[in-house]
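**Student:** Line by line, the protein sequences give chains F and S.
Numbers 222 to 487, taken from my numbering, label the letters of the first sequence in order.
Numbers 790 to 1189, taken from my numbering, label the letters of the second sequence in order.
What the hints contain is simulated information worked out from the structure, not anything from laboratory work.
Be careful, since some hints might not be right.
To be clear about the criterion: a stretch of chain S counts as covered by chain F if any three or more of its residues have a C-beta under 8 Å from a C-beta of chain F, and this derived list gives those stretches [what the hints assert, rightly or not]:
#1 964 to 972
#2 1004 to 1010
Now the in silico label distances, taken between C-beta atoms and shown as ranges [to be verified]:
#3 GLU249/F - MET1054/S: 41 to 47 Å
#4 VAL1050/S - ILE247/F: 53 to 59 Å
#5 ASP268/F - ASP985/S: 51 to 57 Å
#6 ARG1028/S - ILE452/F: 26 to 32 Å
#7 ASP434/F - GLU1037/S: 50 to 56 Å
#8 ASP985/S - SER431/F: 50 to 56 Å
#9 ILE464/F - MET1054/S: 40 to 46 Å
#10 SER431/F - ASP1157/S: 49 to 55 Å
#11 GLN476/F - ASP1068/S: 20 to 26 Å
Idealized CB from N, CA, C, for every residue including glycine.
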Amino acid sequence: MRFVVLVKQVPDTTEVEVDEETGTIIREGVPSTLNAFDEFALNVAVDIKEGMEEEVEIIALSMGPPQAEEALNKCLAIGADRAILLTDKAFAGADTWATAVTLSRALKKIENVDLIFAGQEASDGNTAQVGPEVAAHRGLPQLTYVSEIEDLDPEEGYLLCKKETDEGHVRIRSEIPTVLACMPDPGFEPKIPNVRDIMKAKKKPKEKWSMEDLGGEEEDYGLEGSESVVIETYSPPPKGEGIKVEEEPERSVDQLLKFLDEEGIL
Amino acid sequence: MIEIELELCTACGKCVKVCPVDALELKDEKAVLTGDCISCGVCVSACPEDAIEPVIQTSEVEDLSQYDGVWVFAEQQNGELKATGPQLLGKGKDLADELGEELCAVLIGNDVKNLSEELGAYGAEKVYIVDDEIFDNYSTEAYTTALTSLISEYKPNILLYGATHLGRDLAPSVAGRTGLGLTADCTDLNIEEVEDRKVLLQTRPAFGGNVMADIVCPDSRPQMATVRPHVMSPIEPDRDREFEVIEEKIRVKEEAISTEVIEVMRPEGREEIPIEEADVVVCGGRGVGTSEEDFELLRELANLLDGTVGCSRPIVEEDVMPKSRQIGQSGKTISPKLYIVCGVSGAIQHKVGIKDSDYIIAVNKNPDAAIFDVADFGIVGDLNEVLPIMIKKLEKAKEN
């Protein structure tokens, strides 16, 4: 079987700032990392692979600038067998639609993909849209907020998974192939690669695909291929300095009630 | 649209069977597209030979003027309307008035017609209802098919969804299949003139709320956005308001659904208001303790304020509360009117989930706890001393 895990390199913090002059996010000096939910998705894929008798190939697929290779190296150390980075100037500035177009074309080129994994959302954009949009582009069903795959039966062509809903959890049976957007339950501990894993990862195949490899025109990709346009980014209006009291509990509570009353909250 | 690779087609007829709009036929031992495709994608997943490929084009339209109306997807669960529907109708009314267009609600489910009354009361001038057994349990495929077919028939200008788990599953599925732009998790919506056209200006936070972005979808219609629950306010309901009900028959076939819910695992314990829908949320962290009893004070306070109780991640890890009560980046993002947070240190992952609350009140023993950075009012002290006094005084205030 073949699994593809969609991963993204993200800033290693959400404490980013907007350059007030250019209106763009200051990325300089901000370290990058593998998006945590994508790391979870990869962990799920590796766990299934280890429990299967059948041969499974795991491909980590990412779109990003050349330095996003670092995130893919981490994927190879965690347990991916192969990594593909989609990188081209034409891909820059993509919204979720154009990102899904790019990833879907790569998935089509990879061929014979049985399961596509993604993180539920990325910690920078927080959209949660790329997984479902890839499913749409590939004409596949989708499962979002998946926290566990309990069973996978390639013979019968189905899987059983647990997913979070607004009310709690459901156990769901789905035909495969499908797209799984994954989010961990609390307490999840990711696999930490050891030195041997990292050494082994260095020998695993890595590829870079450009627009030429995927076909199509420049207008299909990146900013030009996007449906939504960001017209402005800015820092949220600063919150006024809060009040902090450190007195006898009785007096603190009185001050709080006075505050609530003055603000008309109660 | 779809493309059929005729060489691979074995004329098994599965695609013909699943197509909800009967747009496919078998001719000369091959499947052919003869009707209007609504791009729902069910035939693509149904084809055992992988002979059908979705052809997804951005649906850039020349004549934007044929798109008309502000639509709200009104989510329901087990025949009960979710709060997001009325909230979005509240905002939708402002947008519709500004554009001089109609405000409409879309209701999908099984035996849900009675909910149209409520949607009418909250301002919908038209309620489109798709009512059938197949929509009893939510499935991405059935709901996507219903919406894509409504969109292609009625051509709304704007379509809003609540950014619930369901909304965040459905909206990108519809966007992907119909080639539309979609903006996630908006916290504000306005009509703005861009290049002589009135467009929907969508404001959303990114980077966990540290950056705000204004986004437009200039060329595709409907303009679609998911909107964070509880940010918009419903109008005062008026049961006498007149509205029109339009029932739409959309046949989604059993075979077109590839998922089946085997078991619904509801969190144990009493029925409580979902934390993302409550006006007042009292949240406890590790500082409260790690047993059920430790949370009694918080529950008492929440009840007193007609609110509900949530918690930070460690409390879920200790199995004291279910995951559905977890607030923060890996749990739920909430924006209540009043957020009272006790014994939570205030890690960035937690702060991200509460940033948009109207008022944040923090109680913590540690005067340097990071939670005080985002609090409007902070009390440094032992919550086991502070809360009983707070409860006593609030009860007294309530009596007067």
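**Student:** Can you name, in rising order, the numbers of the hints this structure does not satisfy?
**Tutor:** The structure conflicts with hints 4, 6, 7, 8, although it agrees with all the remaining ones.
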